[in-house]
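Okay, here's what each chain looks like letter by letter:
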Amino acid sequence: MPERAPAFVYVIYIAASADTVWAGLIDQEVTRQYWGHHNRSDWQPGSRWEHVRTDGSGKVDIVGRVVEIDPPRRLVTTWASPENENDPEKVSRVVYELAPAGEDTRLTVTHSELEAGSAMLAGISRGWPAVLSNLKSLLETGKVMTDLWGSQ
Amino acid sequence: MEEVFRALADPSRRALLDRLFAAGGQTLRQLASDMPMTRQAVAKHLAILEAANLVSVHWRGREKLHYLNPVPIGEIVKRWVGKFEDARIEALTDLKSHAETREKKSA
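So the sequences go chain by chain: C and S. According to the numbering used here, the first sequence holds residues 1006 to 1157 in order. According to the numbering used here, the second sequence holds residues -3 to 103 in order.
Bound conformation, chain C alone:
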């Protein structure tokens, strides 16, 4: 069976090194600054990762497994709501690819295997562009748009 086409392919150029962008994906201290969540894991293949709210509630909104990790080039994780993590239909897949582009780093985020018509699919299409643009602002200027999820 041919691979299913991804739902979304986002590309952003960030004026920073691949190592800095990589830290922006896996480092708890960096992720908490721009994502409204921090990413928690030991980042070993097969390990669990959790997307934890930084509002003090400690609520975990997204969970998954580290499928593949090749710093600072490629990270593949699964992605699901905690209540759906054992339902293969509702577990999607995110691939982060980093490549040098002159002085900048090109970050490609590919989200696939999303359930058609799901709330996750709708949320994702709003979420990623804002998250990526916030990551870029943080790494390039040290500042973020405050309150990423405030308008929801």
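Please keep in mind that the hints were generated in silico from the structure rather than gathered at the bench. A hint or two may mislead.
[As the list claims (entries may be wrong)] Straight line, CA to CA, 16 Å or less: simulated EDC-like cross-link-like pairs of lysine to aspartate or glutamate:
hint, chain 1, residue 1, chain 2, residue 2
1, C, K1148, S, E71
2, C, K1095, C, D1066
3, C, K1064, C, E1088
4, S, K74, S, E86
5, S, K60, C, E1008
6, S, K40, S, D6
[Stated by the list, open to error] Which residues of chain C face chain S? A partial, calculated answer using Cβ under 10 Å:
hint, residue
7, E1008
8, F1013
9, I1017
10, A1021
11, W1133
All figures in this text were calculated on a predicted structure; none of them were measured in a lab. Don't be surprised by glycine CBs; every beta carbon is placed ideally from N, CA and C.
Go by the hints and put chain S onto chain C.
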């Protein structure tokens, strides 16, 4: 940013983005089949959109799939739209589409 505005200045390229917004992951053949222009012309427009980072691609085997990449447009919005204006702009665009739909119905 100039590349983005130049790419968006052409109505055929905006029509291509509309098609990718409606359905991501299309091949050149699919996109060319419902555009009133040659496949070569569509390929040329896609290359300009790709260079402006408005179109992202995913290779599935030998098949090149095209996606709308909204990130550069998001950056433009972020530059000129204030943090709390989102809801007000949405209200205005909803009003506009509601009013325009009504006119069409009564016409």
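Against the structure, the hints come out as follows:
1. Distance hint between K1148 of chain C and E71 of chain S is fulfilled; the C-alpha atoms sit about 14 Å from each other, no more than 16 Å.
2. Under the criterion of a C-alpha separation no larger than 16 Å, the hint pairing K1095 of chain C with D1066 of chain C is consistent with the structure, at around 14 Å.
3. Taken as a hint, the K1064 of chain C and E1088 of chain C pair is honoured in the structure, with Cα atoms around 13 Å apart against an allowance of 16 Å.
4. For the proposed pair K74 of chain S and E86 of chain S, the alpha carbon gap of about 15 Å is at most 16 Å, so the pair holds.
5. A threshold of 16 Å between alpha carbons decides the hint, and for K60 of chain S with E1008 of chain C the separation of about 13 Å falls inside it, so the pair holds.
6. Pair hint K40 of chain S plus D6 of chain S holds up; C-alpha atoms about 12 Å apart against a cutoff of 16 Å.
7. Because the closest C-beta pair between E1008 of chain C and chain S is about 6 Å apart, less than 10 Å, the hint holds.
8. Proximity of F1013 of chain C to chain S holds as hinted, the smallest CB-CB distance being about 7 Å (cut-off 10 Å).
9. Because the closest C-beta pair between I1017 of chain C and chain S is about 5 Å apart, less than 10 Å, the hint holds.
10. Taking 10 Å as the C-beta contact cut-off toward chain S, the hint placing A1021 of chain C at the interface is violated, the least distance being around 16 Å.
11. Among the interface hints, the one on W1133 of chain C holds; its C-beta lies about 8 Å from the nearest C-beta in chain S, closer than the 10 Å criterion.
Going through the hint list in order, the structure does not satisfy hint 10, though it satisfies all others.
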